[in-house]
Amino acid sequence: MASPQLTPWFKGIVFRSLAAVTLITVLLGGLSSLVIREQVATRGHGEALQRLSELLDAVESTASVAIFANDEQLAREVVQGLLRNSEVQRVTISAGPTVLARAERSATQFANQPPVDRVLRSPFKKAEVIGGISLDANWDAIYKRVDDNSRYALLMLLSQLLLVIVGTAGMVFLVVVRPIKATSDRMHRHDPVNGGALAIPEGHAGTEIGRLVGDINDLTGRLVSTLNQERELRRQHEIAQRKYQNLFDHASSGIFVADIDGRLASFNPAFISLTWLSRTVAEEPRRLIEAGWSEGAQLIDLLHRCAQTQLPCADDFLLRGRRGDERWLHVAVMPLGDGSMQGTITDVTTRKREEMTARRLAVTDPLTGFFNRQGLLQAFSTVDADTPPFAIVMIDLDGFKLVNDAMGFPVGDQVLLKVAKRIRATVQPDDYLARTGGDDFVLILAGADAREALAPRIEAMHALLCEHYAVGRESVLIGASIGVAFFPQDGADMPQLLRSAELALNSAREASRSVGTTGYRFFDQQLQMVVEHRRRLEDDLRLAVNGGELCLAFQPIIDLRTGCMAGAEALLRWQHPARGFISPEIFIPLAERVGLIGEIGRQVLEGACMHAAAWRRDGFEMYVSVNVSASQIPDDLPPAVVLDALRRHDLPPHAIAIEITEGVLMNDIDIAQRWIEELRACGLCIFLDDFGTGYSSLSYLKRFAMDTVKIDKSFIMDMSADNSDRTLVEAIITMAGSLGLKVVAEGVEDAGQLALLREMGCAYGQGYLFSRAVAAVDFASTVARISAEMAIDLPNLLPDELEIV
Amino acid sequence: MKTAHALLILLLAAAWPAAAADWVVVANPKAGITRLSQDEVTNIYLGRYRRLASGATAEPIDQPADSALKARFYRQLVDKNLAEINAYWSRLVFSGKTRPPRIAGSNEDALQIVLLHPDALAYVDKARVDSRFVVVFEIAE
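Heads up: the protein sequence lines correspond to chains A and B, in order.
Just so it is clear: in the first sequence, position 546 is 546 by the numbering used here, and no numbers are missing.
To convert, count from 1 in the second sequence and add 1000; that's the numbering used here.
What the hints contain is simulated information worked out from the structure, not anything from laboratory work.
Computed from a prediction, not measured in an experiment: that's the story for all the values here.
Ideal Cβ placement from N, Cα and C applies to all residues, glycine included.
Mixed in with the good hints there might be a few duds.
Just so you have them, the derived chain A footprint on chain B, three or more residues with Cβ under 8 Å [claimed, not checked]:
#1 1040–1048
#2 1083–1092
#3 1096–1110
Between the sequences and the hints, there should be enough to build the whole structure, so can you do that?
This is how it looks when you write it as structure tokens:
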């Protein structure tokens, strides 16, 4: 604490107030003394005149007597008497022009003042003027006295002022200076930090000084608390600073502060090591751009963008080391608000490589190293008019699924690798290879634009792919179908080109089943038209289903032993308004593909039920069988729907039979089995249609509870000529009989076949021999005709067989 | 009460001057004076001068101090009472330049003096005047 500084006397309040008071009093006193002096002089003059006049009053009557009586002696007495007054300089008493008496004081100097005259009248006659008395004042004496008076007054004033000054000084000292001095001394000794308030000088509790001390105490209190807060803040700040300094120094990320042009204001050790900057300082300031960025300009752009938008910006940048090594750094900068930016640098090399790998994997087939479908579409996503022509080649391996099924995926993969190798051998370096599916490959052959030029290459490729593949000790033979399309004439973009190539491929695949084809096809408009045709047919089918163009025809099923009609198969017919009759073999698969089969199935069931009910009312006790395709089971035609239809038409369960193919059984066996069991439990019969054409697994017959087997017409057709078919039919009939199944022979066309079937013990037949499928309206007449025909034929039957039926 | 009386008398005196003019100034016919003005009577009696315009000396004769006529004479001549007249004379006597008029013992005495001294003037009771005297001044109404 500083030692108390003594205030120099000339700066003290006492001196100042004294000086002020003195100055003011001297000024005022000077002014007032001038005024007083003037006043005193004026008054002194007036008073002197007054006194002289009074003197004259005193001697007036005597003087007038003296003049009246012409008494010089008396006049002299009067004059002498007057002259005794020190203020009188000269007195003259005259009677008219005659001077009666005159006297004056010696050693005079005349002030330029007129004498005091008094006219004297006769004592006995007031109107008569008899003379006068003239009196000159002794102005020297008068003025001297006036001066004395004014000097005295001034002296008194001055002494009063002196007293006031002394008194003021004393009071100022006592009332103001001393308490201030005391307070000041206390303040010097006072340590506000250690608490305690300054004492108010005694008797000053209510004065300004008391208030001042109170204010000082308040202020001190506030200052001390502010000081404490400040100290606490600084302490926290230092701790935070230390903390952040530690973070800054030991962070694994690089941290820097730079201006908009990348001049570095500060950076941490990690920054140097991450950016491979030399530790020795070459020049100041260092610049962010010094590091070996491969895209330095973009880094500066990033800084500019950050400075412009005042938003955090970040990007990844590749750094190249001196020894050719690379590092990916993630640079994130955020504006600090003063034009500079704070940035962090993180090594993201690992992530970046993983990303690149993942990106590559995403477009690559891991097995063959070819691009996958995604990669293919990405690479050719921007095909346009400027793209040079190329050919797109789509390859599908025939029979590869069998290899996989039979020999396992490892072998399949081996084969695929070899296929890939052969493909690679046939292409040129700038061709583009992709595997788009299990055994689907797509090649983009750059520069190929003519069929004639390309055909030998494709043919060679096809031949190469169809050669034996040696996998381990096995030798695998698979086929290949190839479809080729050209850019730009066969498609403007990749999806269209792929579609064109696939059409060509499909065409090639279909053709490959026939002998002597090349195994590859170039896309042409014809293929496109076929597809168009199919698509239009789909639309037409949709209209047909909704518009009732589909109708049912019924082909009778004849009991061969009695010649009676046992039932009828309901067959779907589509009479297209423009194209005429369209075979179910064409439109049923179409309906399955476009999801119309459910609706069609329900229409068929409804129609079958309706007609069965009608015929039953007419007295025909027979069933109507309905074809159900695999795709209808179980959801498009649940058993409940079938039963509901029966109930609505008031039909017994055996009035409707359900015909399914082996295809039904090849899907989900459990579902099919449950569906069949449910219907059979309700009393419906299940027919297995087209038996013999598919896998014809006998285990199906055993496993699935059927009622009837329908032998496919191809067997019946060839039965007469081909002995083996005949044997087969016979075996089926025998086997079915032993399994308790009824047998219907389909496609019975002539009497010989009928005879043979009868001979074999086949119970039922169906075919042109009896009747084609006929419309419902013609059914009754057909039944009548068949009954008549078969009745003629009946005698050929054995009587015991009739009895059995 | 006394004051009231005196005041009453004063008022009566002032209100009735004609009735009070019972005196006249007489001279010896040998003096040759026939007429004097009031101013001349005043100046002569109050000592301003004792010489007449004709060159003759005038000797005023006064009545005794306690005479009522004397008081009436000065009151009517110069409107002064006797105390004032005495005070006047005391100032002049002091310097010695002049003297007050000679005082006769009575009216008769005064007339006697006039008879004996041709310069003498006297104011007397009007009724006492006879042909031996010349009335030179009678106060106007």
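Violating hint indices (sorted, rising):
As far as the earlier hints go, not one is violated by this structure.
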